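Just so you know, the sequences run in chain order A and B. Counting along the first sequence from 1, when you hit position 12 you're at 12 in the working numbering, and nothing is skipped either side. Counting along the second sequence from 1, when you hit position 188 you're at 188 in the working numbering, and nothing is skipped either side.
If you're looking for bench data, these hints aren't it; they were derived computationally from the structure. Careful, some of the hints might be misleading.
No copy is singled out in the list; a pair is fine if it fits within one copy or between any two copies.
[As the list claims (entries may be wrong)] Below 20 Å or equal to it, Euclidean Cα-Cα: the simulated SDA-like pairs (lysine to any residue) are: (1) K268 / P117; (2) K268 / A132; (3) K268 / R110; (4) K135 / D174; (5) K135 / R94; (6) K268 / A116; (7) K135 / W154; (8) K135 / P177; (9) K135 / F267; (10) K268 / R53; (11) K268 / T82; (12) K135 / D253.
The structure displayed is predicted, hence computed values, not measured ones.
If you want the building blocks of each chain, they are given just below.
2 protein chains.
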Amino acid sequence: MSIHPLDAALALEPLGEGRFGGRTHPDWANMVGPFGGITAAQLLQACLLHPQRQGEPLALTVNYAGAIAEGGFEIEAAPARTTRTTQHWTLTLRQGGEVCSTGSAVFAIRRPTWSAPELAMPAVPPADQVPAESKRPPVEWPRRYEFRFVEGGWPDYRHAQELPDSRTLLWVRDQPPRPLDAPALAAIADVFYPRVFRRRQRFTPAGTVSITTYFHADAAALAAQGTRPLLAVATGRRFTLGFFDQSAELWSDDGHLLASSHQVVYFKE
Amino acid sequence: MSIHPLDAALALEPLGEGRFGGRTHPDWANMVGPFGGITAAQLLQACLLHPQRQGEPLALTVNYAGAIAEGGFEIEAAPARTTRTTQHWTLTLRQGGEVCSTGSAVFAIRRPTWSAPELAMPAVPPADQVPAESKRPPVEWPRRYEFRFVEGGWPDYRHAQELPDSRTLLWVRDQPPRPLDAPALAAIADVFYPRVFRRRQRFTPAGTVSITTYFHADAAALAAQGTRPLLAVATGRRFTLGFFDQSAELWSDDGHLLASSHQVVYFKE
């Protein structure tokens with residue numbers, strides 16, 4: 001049995017003192033360097049593999065400082081402060097001594113409290129009533145996901161016409177299906193192509209500069225989602241002077257918000 | 001003429017090698033330690049004062065790892081990677097060698113591109129038609145702001161009754177008024193009391209664990225806002241097992257989104 005492409009990417013080699021060796025995988029290639037979501041998942045994985053880790057992922061910020069070249073890299077995960085409830089990590093990904101990504105993670109111990117939803121899951125047909133998209137953009141990583149677009153599928157660059165909004169709403173899961181866990185969710189938080197492509201129905205060079213994901217579910221709740229598709233929605237806020245931000249929500253199929261994720265994105269022209 | 005309380009807090013002493021000395025100010029005291037917004041502003045200020053700084057603030061993440069005690073602290077701002085367009089910073093605030101806050105900032109050089117709003121500013125009466133709130137909660141930092149609540153003012157703990165949503169909408173500015181700049185905006189991004197207080201109309205111990213703010217305006221656009229109130233709106237997403245996240249937008253009074261900000265918050269009970 002072959003290893004799942006996500007697990008292949010997450011197989012980091014412990015080098016001691018919070019350092020982990022990894023390598024880029026052709027399965028996760030993007031236009032330039034790897035898919036941002038896989039880098040985020042790998043940085044989170046370094047915390048998860050660290051012997052001092054306490055609690056579960058609560059927040060993850062990854063800054064894409066420079067392109068990651070094909071080949072090996074080293075992640076350093078340093079626990080900066082551990083309290084009774086939270087653990088704060090400082091994250092760095094380097095290639096040949098140069099910093100390619102920085103970031104931080106917060107792990108937390110969840111305890112029973114008053115709980116309530118506020119944002120409501122968008123009303124959509126169930127995943128099995130939405131056809132899986134067969135087209136993929138001409139990069140590799142989208143082949144690692146099953147996309148069932150309810151709204152805002154791949155931009156149609158043949159009929160470039162600016163749209164009034166950039167919303168995308170879809171059912172999504174790993175392809176081949178894989179039980180959900182925090183690194184998988186961290187990667188899925190970045191499956192939305194840059195919202196500027198959708199608004200403009202036009203491709204320009206663009207890339208995530210920084211992404212922050214908040215986790216609202218513990219390992220048990222993620223495991224309960226299993227391999228079923230997540231409902232995922234993303235929209236932009238303001239596009240100006242080469243940058244914009246977009247926010248996303250990822251929902252379990254029974255209507256619980258599993259994660260919210262925000263990113264600021266660079267674009268050209 | 002006395003120095004403005006915000007400028008007093010931002011007066012960091014360069015200690016060389018990206019290290020800056022600061023101290024807590026009683027004007028900015030919160031329940032435990034200083035107001036999170038002032039810590040965020042101070043970390044951003046360290047980048048702004050750094051001799052290698054390039055460009056202007058684009059993204060700022062601050063993780064509140066441990067309480068800051070009254071007295072001196074040291075901020076370390078390390079430029080991790082500088083490219084043609086962006087500069088990535090790793091930030092640490094320490095007291096007596098112990099890490100109290102970690103974070104990262106991205107600075108960027110903005111260039112003319114296609115630009116468009118997407119999110120629309122909420123329709124509200126102008127600031128001068130909304131009365132300034134005279135009440136303040138029993139901590140010091142809210143006295144540094146003028147609050148004109150359109151919706152969702154201070155919780156009324158005398159009539160604790162759970163509300164269906166946690167939205168707050170207000171006009172806000174520094175008190176005394178001060179021309180807007182990036183550190184002021186970084187602080188204002190955190191003026192929303194924890195959304196769980198609003199939902200439950202009940203006070204429980206709570207505190208920001210991590211905040212991320214994206215800046216959509218350059219120094220000139222912020223200066224153009226001057227001392228006029230900003231429109232600020234915040235809502236929660238999901239409250240569960242001791243944590244929730246809330247998102248905020250800060251608008252110029254002529255309807256431009258100046259910043260969006262997200263945070264994950266700890267709460268008890």
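Okay, the hints, checked on the actual structure:
When the C-alpha separation of K268 and P117 is checked against a cutoff of 20 Å, the pair qualifies only between copies, where the shortest distance is 17 Å, while the shortest distance within a copy is 38 Å. Taking the shortest Cα distances, K268 and A132 never come within 20 Å of each other, neither inside one copy (31 Å) nor across copies (42 Å). Within a single copy, K268 and R110 get their C-alpha atoms only as close as 42 Å, which misses the 20 Å cut-off; across copies the closest is 10 Å, which meets it. Taking the closest pair of Cα atoms, K135 and D174 come within 20 Å of each other only inside a single copy of the chain (16 Å); across copies the shortest separation is 51 Å, beyond that limit.
Within a single copy, K135 and R94 get their C-alpha atoms no closer than 34 Å, and across copies no closer than 51 Å, so neither meets the 20 Å cut-off. Taking CA atoms no more than 20 Å apart as the test, K268 paired with A116 passes between copies only; the shortest distance there is 14 Å, against 41 Å inside one copy. In this assembly of identical chains, K135 and W154 lie within 20 Å of each other by CA distance solely inside one copy; the values are 8 Å within and 51 Å between copies. For the homomeric pair K135 and P177, the shortest alpha-carbon distance inside one copy (18 Å) is at most 20 Å, but the shortest distance between copies (54 Å) is not.
Neither within a single protomer nor between protomers do K135 and F267 lie at most 20 Å apart by alpha-carbon distance, with minima of 24 Å and 44 Å respectively. When the C-alpha separation of K268 and R53 is checked against a cutoff of 20 Å, the pair qualifies neither within a copy, at 40 Å, nor between copies, at 23 Å. In this assembly of identical chains, K268 and T82 lie within 20 Å of each other by CA distance solely across copies; the values are 18 Å between and 41 Å within a copy. For a Cα distance limit of 20 Å, the shortest separation of K135 from D253 qualifies neither inside one copy, at 24 Å, nor across copies, at 44 Å.
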